[in-house]
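> Chains as they are written, first to last, in our numbering: chain P, 2 to 146; chain X, 2 to 146; chain H, 2 to 146.
Please note that a few of the clues may not be correct.
Remember, identical chains collapse to one label, so a pair may be satisfied in a single copy or spanning two.
The calculated lysine-lysine pairs, modelled on BS3-like cross-linking and capped at a C-alpha distance of 27 Å, are [unchecked claim]: (1) K48 / K137; (2) K69 / K90; (3) K48 / K110; (4) K69 / K57; (5) K110 / K57; (6) K69 / K48; (7) K137 / K90; (8) K90 / K57.
Simulated from the structure, these hints should not be mistaken for laboratory data.
Chain by chain, the residues run as shown.
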Amino acid sequence: MDYSVGNIGRVFAVRLDHGDDILRELEGLAVAEDIRSAAFIMLGAVKEANLVVGPKTCEVPPDPSWEKITDAHEILGIGNIFREEGKPKIHLHSAAGRGASVKAGCLRKESEVFMVAEVFIMEICAISATRVFDPKRGFSPVTFR
Amino acid sequence: MDYSVGNIGRVFAVRLDHGDDILRELEGLAVAEDIRSAAFIMLGAVKEANLVVGPKTCEVPPDPSWEKITDAHEILGIGNIFREEGKPKIHLHSAAGRGASVKAGCLRKESEVFMVAEVFIMEICAISATRVFDPKRGFSPVTFR
Amino acid sequence: MDYSVGNIGRVFAVRLDHGDDILRELEGLAVAEDIRSAAFIMLGAVKEANLVVGPKTCEVPPDPSWEKITDAHEILGIGNIFREEGKPKIHLHSAAGRGASVKAGCLRKESEVFMVAEVFIMEICAISATRVFDPKRGFSPVTFR
């Protein structure tokens, strides 16, 4: 376990519209507003999305298992924004429901908003945090200086 | 996509009690404390709730599909509060589990807390955001001035 | 319903590592940093976890029903930290997905992080909140002075 202590700076109330790609829009916002460290919550709906739903087997580095959403689902999400090699990297976990069916996992790659998604981003100030890729573990842990 | 930049003002630690109606209590609090824009997170349990679990078909405006919860479920929720025609409007997405069964969707209408629900509300200051109904799209997107 | 109004103090960006026990690490952090009241959001994965997934029957005090996670699941969580008898008590609800299977409930007892879990903790200042055990209701509601 490791951690860093800071405080909240700017907050962003964001509306993603029908057809928007969630990660592309949030990455663009992070560049435009120079958001370096942030946490966010999200609620809305998606028409399409790709979720990593666990490793195929319980090994590190993991071989991810995917679920593809191809019909409108209601979602809620929890995420963060940190820089990796100078570029904003979004980490976003979501639960998505349609009828009696629910999926939960790590939202990656392309997605398409259905109607609307609302995101509340809290900038974290006075910390130094970056993602550094670790080939042995197969991901980029947040590293605090 | 559109957004507005502000900062966090007051925060509210809220305990909803057994039998409370979630949306009615939060709307009442927003009126009593004059909360105009806010985001919140919630954890607790419900005995009854109504969830929109996606549109019946992937069309806009949507014809919502409903799941009714009629037995105690553990829930987690992400929501926000904005004004629509001067009155507080709660938007709340939740995942609700009971045994091996889970539902996820948009919590609307009546609900009844089982034992307790705890809500943490963050007021968003220095932004101007309201919900304005759009009959073509069948909902009230948050609009930033 | 009851509530207290405060503001956000320190925020903690936390990385839990492979093998860490979620509740033990967060309780340790709350002691080390003297966190008295806080809300948090979490995203990551667990190899093992124990979830209360509703009461067996809809009665108070409840007889909890459990689901045990014994294989890697992606999770998202919403929680808070308050003191009970002077010690930090974590309340954490999570949705956990693996493949097409999802569980949602109250994460308690032992757990084991798979790869990483990222937690964003917001300290709540200027409120007075503690958990006080109520034997009739079978839990410890947050009480505001």
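> Work down the list of hints and note, for each, if the structure agrees.
Going down the list of hints, with the structure as the test:
1. Taking the shortest alpha-carbon separations for K48 and K137, only the inter-copy value of 18 Å comes in at or below 27 Å, while the best intra-copy value is 35 Å.
2. For the identical chains of this complex, K69 and K90 are intra-copy neighbours only, at 21 Å inside a copy versus 32 Å across copies, given an alpha-carbon limit of 27 Å.
3. Within a single copy, K48 and K110 get their C-alpha atoms as close as 14 Å, and across copies as close as 24 Å, so both meet the 27 Å cut-off.
4. In the homo-oligomer, the alpha carbons of K69 and K57 lie at most 27 Å apart both inside one protomer (15 Å) and across protomers (19 Å), since each shortest distance falls under that limit.
5. In the homo-oligomer, the alpha carbons of K110 and K57 lie at most 27 Å apart both inside one protomer (19 Å) and across protomers (26 Å), since each shortest distance falls under that limit.
6. When the C-alpha separation of K69 and K48 is checked against a cutoff of 27 Å, the pair qualifies both within a copy, at 11 Å, and between copies, at 23 Å.
7. Within a single copy, K137 and K90 get their C-alpha atoms as close as 20 Å, which meets the 27 Å cut-off; across copies the closest is 35 Å, which misses it.
8. Taking the closest pair of Cα atoms, K90 and K57 come within 27 Å of each other only inside a single copy of the chain (24 Å); across copies the shortest separation is 34 Å, beyond that limit.
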